[in-house]
Amino acid sequence: MTKVWYVSFEVPKRIRKASAQRQPRQSETFPTELDAQRFARQKFEQGYIVTAGTINPCTPRRAIPSAVIQHWLAEASEQPSVGPATFEDTKAPDPP
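Here the sequence shown stands for residues 1 to 96, numbered as in the numbering used here.
In short, the hints are calculated from the structure, not lab data. Quick reminder that beta carbons are idealized off the backbone N, C-alpha and C, glycines included. Misleading hints may appear alongside valid ones.
[Unchecked claim] The calculated SDA-like cross-link candidates involving lysine to any residue, where the alpha carbons are at most 25 angstroms apart (straight line), are:
1. K43 - T54
2. K13 - C58
3. K3 - L34
[As the list claims (entries may be wrong)] Listed next, with one range per pair, are the computed distances between beta-carbon atoms:
4. R14 - T59: 33 to 39 angstroms
5. M1 - S77: 33 to 39 angstroms
6. T59 - P24: 18 to 24 angstroms
7. Q70 - E28: 18 to 24 angstroms
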């Protein structure tokens, strides 16, 4: 399955130890938005600064900055469980 979502996270300077983190920001990729939200929630709850978004060429493009990550995570708990998103899901429906 193609990975179309990324989550980027960084330990805030106030809790980062000088020698503990050589790379302040890291990223992971995921095949579905739900998988990305689950991972982002874990990192957010650990105190990390989290951003997320879609990877090109996935459309519609989404970028979730750290300032609104809580709202995006709340969307996951409000949505009913659905299957994984695919590139076909982003096409307009066929006319009747």
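We went through each hint and held it up to the structure:
A threshold of 25 angstroms between alpha carbons decides the hint, and for K43 with T54 the separation of about 18 angstroms falls inside it, so the pair holds. For the proposed pair K13 and C58, the alpha carbon gap of about 33 angstroms is over 25 angstroms, so the pair is violated. About 12 angstroms separates the Cα atoms of K3 and L34, which keeps this hinted pair within 25 angstroms; it holds. The supplied range of 33 to 39 angstroms is met by R14 and T59, whose beta-carbon atoms lie about 37 angstroms from each other.
Distance hint check for M1 and S77: the Cβ-Cβ separation is about 23 angstroms, which falls outside the suggested range of 33 to 39 angstroms. A C-beta distance of roughly 30 angstroms is found between T59 and P24, which places it outside the suggested range of 18 to 24 angstroms. Judged by the Cβ atoms, the range 18 to 24 angstroms given for Q70 and E28 holds: they are separated by roughly 19 angstroms.
Hints 2, 5 and 6 from the earlier list are contradicted by this structure; the remaining hints agree with it.
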